[in-house]
Amino acid sequence: MVGIRERLYRVGPLWLPAVLLLGSFLSGPLWAEKVKLDSGQWGHQAGEDCVSCHSKSSAGLASQWRESAHAAAGVNCMDCHQADRTDVDAIEHEGQIIATIVSPKDCGRCHEKELAEQQGSVHAEAFAIIEDRLPALADNVGGPAMRAASCDQCHGSRVKVKGDGSLDAATWPNSGIGRINPDGSKGSCSACHGRHRFSKAQAREPAACVRCHSGPDSPDKEIYEASKHGMIYAAEREDMSLESDEWVAGRHYTAAPTCVTCHMGGAGKLPPSHDVGMRNAWNLNAPISERQYLVVFEDGAKMELPESAAVPKRGSELIRADGSRGTVKVVATPKRRRQAMATVCFECHSKGFTQGFMEQFDGVVALFNSKFAIPARRIMEGLYREELLTPTPFDEPIEFTYWELWHDEGARARHGAAMMSPNHAWWEGMYLVGRNFYARFVPEARAIAQQRSADLVDAVLADGGAHAWLGDSEQSSAILGFEAGERP
Amino acid sequence: MRRWISQVLITRHVLIALGLGGLAGALFVAFLIELDEVTSANAFCTSCHSMTYAAESYRESPHYDSPSGVRASCGDCHVSPGLIAATWDHFVGTKDLLKQLFGPDYDDPVVNLLHLPEAAFSAREWFRKRDSATCRRCHLQSAIQGERANTAAIHREEAVGKTCIDCHYNLVHRKVPDARTFKRDAWNRMIEEEFGLEPGTAERLRSDGAGG
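Going line by line, the protein sequences match chains E and S. Each residue of the first sequence is one higher than the last, beginning at 7 in this note's numbering. Each residue of the second sequence is one higher than the last, beginning at 26 in this note's numbering.
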């Protein structure tokens, strides 16, 4: 197998312009985009009345807005909240026709570039991609009330406007990042940008991501805090220039990267982008990780395709997840996506250091796939095929075991390696994957397969030799605290 | 001259007629007062089954169940102050009786809800035309304090050129959007969903009912 280092060297000096080209396709022009809309298009007359009354009725909200860049630029309540009477969620409020929900489409009136990047991103699609799978866990194992309070708060809800104009409490309030809005747009800018102050500094803080990227299945907060990056950020936060107008790593700050820096931020010549997943080569939250192509369509929509799929040609047509046809505008290969991420690293690290780190990370993903994820999946496939398990997920204990193997512990191991928390890569991650696999999953699978264990379980384990050590019962070690000869 | 007038005009018959007329007039006024009293009462209004739906939401509202013990009756809000205006309102209100008898089947909860928006819109218009006179029976704008810090200031400064109903609607009866943002289709679908009816039932029920 060819390591990434060799592959990068082989591509040679061509790859940097390629990354920049990719960046310009996916991100548009450089730096924080200035609003192009003429200032005559905002400053709605009725806005002053809103502020006058809300300063009395909800003073905190009005003060937040007063401290915002919006207020300084003369953008008032009505500029964002105005609605057309025919809008699905339009309501009458003190004489004005407004909508409570300000969707990405509304923000995009001024913030065109950010909207174009955000639409189709893994954030915008966070609800759409799990909507079909959600009921099996959220409704069956949990209950409908859990969706509104939990799943939907991160993934977003499909907001329902009732016939009397009110927003259904089962779907609202919600600022989940993949929220499906009444106007059809996907996402919620306020998932990261706290309303109504919309502070740049606040969105650049790692804390902006914590509400969702924490906990057992994506402990990115914990991983970041336990990494060297997070450690230095905590110590040198005042040097981060978080309030700076432009915020390019290596130019406006060098102390440490935050989540935004690597996943979205401008770095050197790499432009910033609100497409948060663009620089990710792997899908780390899948049962088996695969490197992913990013397909960008002529109409701006995006789609990921696994590396094993045929590379779509520019100009060809593809059927998308929602069934519609799209014309391919550009395809970013996993290698290009990795190069974009590496460009951020290069602001502070050497090529060799960066490539070495990427090899360590890729090695963990490959190990998880080959030693645990693929065998576990094959064992599960066999049990389903032989009808030893029912098709309903989570009605048998082994289904929880398998779910946690890749969704929780497996994700922790992979994320831990991706973002440099040794503790999460091993103790919170791969160690638990191993324990789960050897001490729960395999015994449970054998108990279900019974006399068919030999072909449904043991044959899979024997494949590849990663589990051959189980057959050697004489490998003495002091690791459990017993010296040689101490055990009977 | 004056004496002649009194001799010719103030005859016994005239006095009797005046006495009787005055008594009849007084009785008539008393009758109108009583009539207004009776026909403004909750018991009278809900004597039609169709009106019991409006009463359900009313009983959930602070206008029915106020901690201070003040309770607004149907007539307190929906019948104008002043005997003449009240009598006129009751006279106009007889059209509701005609519609109850010859119009759509308002006793059916689905039909009732399908017609509720138009009823709400015309009631709001009625309040607006009268500068929310019936609200002002009890509520004195200059005395409103409210529970939040600046409610008094809002009612001084933000309420200029507005009448109560402009801001305070959907207080007592089931929520109906403002006429400007009302969407008939969405309303019909909501009612169908609520009663487990096939999509399109609402349209059929409304066109059936229109002819009576």
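Just so you know, the hints here were simulated from the structure itself, not pulled from any lab data. There's no promise every hint is true.
Claimed, not checked - Think about it this way: if two alpha-carbon atoms lie no more than 25 Å apart in a straight line, the pair counts; the simulated PhoX-like pairs of lysine-lysine are:
1. E:Lys168 to S:Lys120
2. E:Lys62 to S:Lys208
3. S:Lys124 to E:Lys168
4. E:Lys227 to E:Lys168
5. E:Lys166 to S:Lys187
6. E:Lys227 to S:Lys200
To be verified - Derived DEER-like restraints, expressed as beta-carbon distance ranges:
7. E:Arg201 to S:Arg209: 28 to 34 Å
8. E:Asp189 to S:Asp133: 31 to 37 Å
9. E:Leu140 to S:Cys163: 36 to 42 Å
10. E:Asp138 to S:Arg229: 44 to 50 Å
11. S:Gly221 to E:Pro179: 25 to 31 Å
12. E:Ser330 to S:Ala177: 25 to 31 Å
13. E:Ser330 to S:Gly221: 30 to 36 Å
14. S:Lys154 to E:Ile325: 44 to 50 Å
15. E:Arg201 to S:Glu223: 39 to 45 Å
16. E:Ala65 to S:Leu196: 22 to 28 Å
In this text, a Cβ means the ideal position worked out from N, Cα and C, and glycines have one as well.
Hints, verified against the model:
no. : hint                             : verdict
1   : E:Lys168 to S:Lys120             : violated, 32 Å
2   : E:Lys62 to S:Lys208              : violated, 32 Å
3   : S:Lys124 to E:Lys168             : violated, 29 Å
4   : E:Lys227 to E:Lys168             : violated, 37 Å
5   : E:Lys166 to S:Lys187             : violated, 32 Å
6   : E:Lys227 to S:Lys200             : violated, 43 Å
7   : E:Arg201 to S:Arg209: 28 to 34 Å : holds, 33 Å
8   : E:Asp189 to S:Asp133: 31 to 37 Å : holds, 35 Å
9   : E:Leu140 to S:Cys163: 36 to 42 Å : violated, 50 Å
10  : E:Asp138 to S:Arg229: 44 to 50 Å : violated, 34 Å
11  : S:Gly221 to E:Pro179: 25 to 31 Å : holds, 28 Å
12  : E:Ser330 to S:Ala177: 25 to 31 Å : violated, 56 Å
13  : E:Ser330 to S:Gly221: 30 to 36 Å : holds, 33 Å
14  : S:Lys154 to E:Ile325: 44 to 50 Å : violated, 59 Å
15  : E:Arg201 to S:Glu223: 39 to 45 Å : holds, 41 Å
16  : E:Ala65 to S:Leu196: 22 to 28 Å  : holds, 24 Å
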